[in-house]
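Asker: Each chain is listed here by its residues.
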Amino acid sequence: MTKKPSYVLEAENITINFGGLTAVNDVSLQVPFESIISIIGPNGAGKTTFFNCISGFYACDNGTVFFQERPINGIPTDEIANLGISRTYQNIRLFTNMSVIENVLIGQQPRLRSTCIDTLFQTFRNRREEKQSIQKACNLLDFVGLGAYADDVANNLPYGAQRRLEIARALGNNPHLLLLDEPCAGMNPHETSAMIELINTLRSQLKITIVLIEHDMKVVMNISDSILVLDHGEKIAQGTPDEIQSNQKVIEAYLGSGTENLVEKYSRRKADKGNLD
Amino acid sequence: MMKTILSKSSKFGIVAGIILIFCEMINLTSTLAEILEKLFTGGTAAKNAITPFYMGLVVGLIVFFTTINFLRTRNSQKKYSFGQGFFAAVTISIVSGLLISLLNIILGSYLVNGKDVRVYLEALAPDVIRAFLFQTDIQKAVTYYFMSTILGSMAALILFWISQKTNQPAKSVRALTHLKEKIQIGRAFERYPAVKTVLILLLIIAFLLLPLVINAYTISVLGIVLIYAIMGLGLNLIVGLSGQLVFGYVAFFALGAYTFGLLTAPKPFGIEMNFWLALLVSLIVAGIGGFLVGLPIMNLRGDYLAIVTLGFAEIVRILINSNLMADYTGGPQGIKNIGQPIQPSIFEKYFGEPLEDNVWFLYLIIFVFLIVLYAAFRLQYSRTGRSWEAMREDETVAQACGVTTSSYKVLAIVIGAAIAGAAGALYASRNTYTGPSEYAFMVSVNALAVVVVGGMGSIPGTLLGAFIIKGLPELLRDLENYRMVVFGALLIVMMIIRPEGIWPVKRRKLSVAPESIEILKEDLKP
Numbered sequence: 001m002t003k004k005p006s007y008v009l010e011a012e013n014i015t016i017n018f019g020g021l022t023a024v025n026d027v028s029l030q031v032p033f034e035s036i037i038s039i040i041g042p043n044g045a046g047k048t049t050f051f052n053c054i055s056g057f058y059a060c061d062n063g064t065v066f067f068q069e070r071p072i073n074g075i076p077t078d079e080i081a082n083l084g085i086s087r088t089y090q091n092i093r094l095f096t097n098m099s100v101i102e103n104v105l106i107g108q109q110p111r112l113r114s115t116c117i118d119t120l121f122q123t124f125r126n127r128r129e130e131k132q133s134i135q136k137a138c139n140l141l142d143f144v145g146l147g148a149y150a151d152d153v154a155n156n157l158p159y160g161a162q163r164r165l166e167i168a169r170a171l172g173n174n175p176h177l178l179l180l181d182e183p184c185a186g187m188n189p190h191e192t193s194a195m196i197e198l199i200n201t202l203r204s205q206l207k208i209t210i211v212l213i214e215h216d217m218k219v220v221m222n223i224s225d226s227i228l229v230l231d232h233g234e235k236i237a238q239g240t241p242d243e244i245q246s247n248q249k250v251i252e253a254y255l256g257s258g259t260e261n262l263v264e265k266y267s268r269r270k271a272d273k274g275n276l277d
Numbered sequence: 278m279m280k281t282i283l284s285k286s287s288k289f290g291i292v293a294g295i296i297l298i299f300c301e302m303i304n305l306t307s308t309l310a311e312i313l314e315k316l317f318t319g320g321t322a323a324k325n326a327i328t329p330f331y332m333g334l335v336v337g338l339i340v341f342f343t344t345i346n347f348l349r350t351r352n353s354q355k356k357y358s359f360g361q362g363f364f365a366a367v368t369i370s371i372v373s374g375l376l377i378s379l380l381n382i383i384l385g386s387y388l389v390n391g392k393d394v395r396v397y398l399e400a401l402a403p404d405v406i407r408a409f410l411f412q413t414d415i416q417k418a419v420t421y422y423f424m425s426t427i428l429g430s431m432a433a434l435i436l437f438w439i440s441q442k443t444n445q446p447a448k449s450v451r452a453l454t455h456l457k458e459k460i461q462i463g464r465a466f467e468r469y470p471a472v473k474t475v476l477i478l479l480l481i482i483a484f485l486l487l488p489l490v491i492n493a494y495t496i497s498v499l500g501i502v503l504i505y506a507i508m509g510l511g512l513n514l515i516v517g518l519s520g521q522l523v524f525g526y527v528a529f530f531a532l533g534a535y536t537f538g539l540l541t542a543p544k545p546f547g548i549e550m551n552f553w554l555a556l557l558v559s560l561i562v563a564g565i566g567g568f569l570v571g572l573p574i575m576n577l578r579g580d581y582l583a584i585v586t587l588g589f590a591e592i593v594r595i596l597i598n599s600n601l602m603a604d605y606t607g608g609p610q611g612i613k614n615i616g617q618p619i620q621p622s623i624f625e626k627y628f629g630e631p632l633e634d635n636v637w638f639l640y641l642i643i644f645v646f647l648i649v650l651y652a653a654f655r656l657q658y659s660r661t662g663r664s665w666e667a668m669r670e671d672e673t674v675a676q677a678c679g680v681t682t683s684s685y686k687v688l689a690i691v692i693g694a695a696i697a698g699a700a701g702a703l704y705a706s707r708n709t710y711t712g713p714s715e716y717a718f719m720v721s722v723n724a725l726a727v728v729v730v731g732g733m734g735s736i737p738g739t740l741l742g743a744f745i746i747k748g749l750p751e752l753l754r755d756l757e758n759y760r761m762v763v764f765g766a767l768l769i770v771m772m773i774i775r776p777e778g779i780w781p782v783k784r785r786k787l788s789v790a791p792e793s794i795e796i797l798k799e800d801l802k803p
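Residue numbers (the numbering used here), protein chains in the order written: chain A, 1 to 277; chain Z, 278 to 803.
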């Protein structure tokens, strides 16, 4: 019996170059089981590039990505999905002309075994698997709150529902690790809090480890166990939400230099607030 | 206001007039009139003895549709008043009447002076002009066609006015579009699934009885339509579902036909294999051809397959035509005396006498067609078909969802090619001959048109497309030389009215009631 690996994902010294530009420079990240890790940073910091590297869209120029202690560098994306890493996209990428439930069925692809020969002869295995996968897709849709939309065309869903559908699709392959690229982008406060709730349920109920990119600090500070801050492709800080909030380098990255006073002011106000409570 | 109506309606009048002149100059008017006369009287009208009434009817109809179109251009809030509509209708009829009269006067003066217009316009024989001009009574002809245009536009005006008065504009059109919702076929099917099964069974039975009652000409047309339907179903898997563009589909068709021909013909090899075995082999050979074409492009994105297959089709066509291969393929002469299957004695037992050869072969085609249809349905509504569709929608995301895009791509091409091979084998056996001239680029274009016109990715659409592309030109045979003109116009109209194809694909309802979250938790254990 092999021992349980200590981390779901370990990225070691990842470097990605695009021509002369170093998009990600020597970034490392450890993701423990059942944690929620956020990656933040200003625009163009290399967050999505880092994500693309983990999910196999880009090959990194240097460094190694271990998924449950198995290196996954240079493996095609379909095999990575097979291993149990799923992702969503910054600009929603659904199969727009297919129905909602079909989208979720595609997500289950790595877990299905019937071949086209089974299909042609309608074997017992094919029937059973089809039935099971449809049932599972409906369960998933119900879980993310889209049960009523199951037979609609994905393109006709409202924006917030499309984001949820992407998550349902990503859950189809029983992922160990779920990568969410800006799940709350463009949402109103109500939708955002619903999404926070969903992400929390994903971890608490389904025991899925989550790494997410997000710009909405309310979301990030609310749900993260740990936050990784990137700027110009470099890791400038990592820590708990509280540590990051008062980190000098992070504030400089977001607001520019000469903000020492702000930091002081912020920590003072925080202390005052604590006194008031 | 009147001024804008005047200028707009005279524009419409000019358009109607130009259409009238064009139709008369290419002699379409008299051909249409001939068909109408045949239709109404049941008699056979000779080309130079058409009753002028039908000529007038054609002219009137053209003006009628133009006027209807003019009256409908206003949006639903702003309607023309009756006076305005009347004014416009009169303008349209006068302008178009003037134009057609001009042509009549010119043609008439040519005729009276004994000059032959055929020097300039090939289609206009003196007889035709004479029929059109009441035997050179130009004055009468001018008045007559003027009356036709006026009657046409007035009829349009009255029809439009009535439809407005009853406050249900274009009721017939709306009724047609909502017909399906009204009788709620879909809901009936949902509630009673047996109804659908029975209906499909009845359709199949009717289809099976069809060859016994139709004549030899219809049998041959139906055979071609079905062979194209088989090809369309195969191409639909590649183009409609997996989204890979194939321009040289004829290559696989030719591979199937030649394999079949070589295996069953007495020359050049003299193998004379059993029909079914040869059909299977040609299917496999075409599939292997598809595999070889698919290999280089399996890891490429974009329209490379279109170019590769285009080249492949040309290579195949040139090879079977060349002297180099003449010993094996018969070169330009092709392969003759290709085998046909022997009719099983079962038919003789039931019908008293064996079926005629063409009827028997049509049954054979129907048999293969039904098998391919079944396979296409199975594949489309399965994991495989869904993966193909996901690949068409977004290849990158499909792969990230776990679809092994490269192998699914090759799978689509292999299955599509194999189906084309079967169609080719049937085609060769049906004609008992196959030659290089049958595998021109046009066949690929037609097969692609079958898929696109019917609706990409839609199986009933593909069948409809096959009927339209190969069957409709045969139905339009009465139009003689103009059938391709009319066919083209019909295709354009279809694509304007239904840009996604005539029968676009509809998503199946799949959802079932969800279970508790505990089951989901268990399910999602990696």
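Check the hints yourself; a few may be wrong.
As the list claims (entries may be wrong) - Derived DMTMM-like pairs (lysine to aspartate or glutamate); straight-line CA-CA distance at most 25 Å: (1) K473/Z - D152/A; (2) K786/Z - E10/A; (3) K207/A - D26/A; (4) K798/Z - E252/A; (5) K417/Z - D393/Z.
What the hints assert, rightly or not - Examples of chain Z residues lying across from chain A (beta carbon under 8 Å, computed): (6) L485; (7) D671; (8) C678; (9) G679; (10) R784; (11) E792; (12) D800.
No lab work stands behind these hints: they were computed from the structure. Where a beta carbon is used, it is the ideal one built from N, C-alpha and C, also for glycine.
Asker: Work down the list of hints and note, for each, if the structure agrees.
Answerer: Hints and how they fare:
no.	hint	result
1	K473/Z - D152/A	holds, 22 Å
2	K786/Z - E10/A	violated, 42 Å
3	K207/A - D26/A	violated, 30 Å
4	K798/Z - E252/A	violated, 43 Å
5	K417/Z - D393/Z	holds, 22 Å
6	L485	violated, 23 Å
7	D671	holds, 6 Å
8	C678	holds, 5 Å
9	G679	holds, 4 Å
10	R784	holds, 4 Å
11	E792	holds, 6 Å
12	D800	holds, 5 Å
Checked against the numbered hints above, the structure breaks hints 2, 3, 4 and 6 and satisfies the rest.
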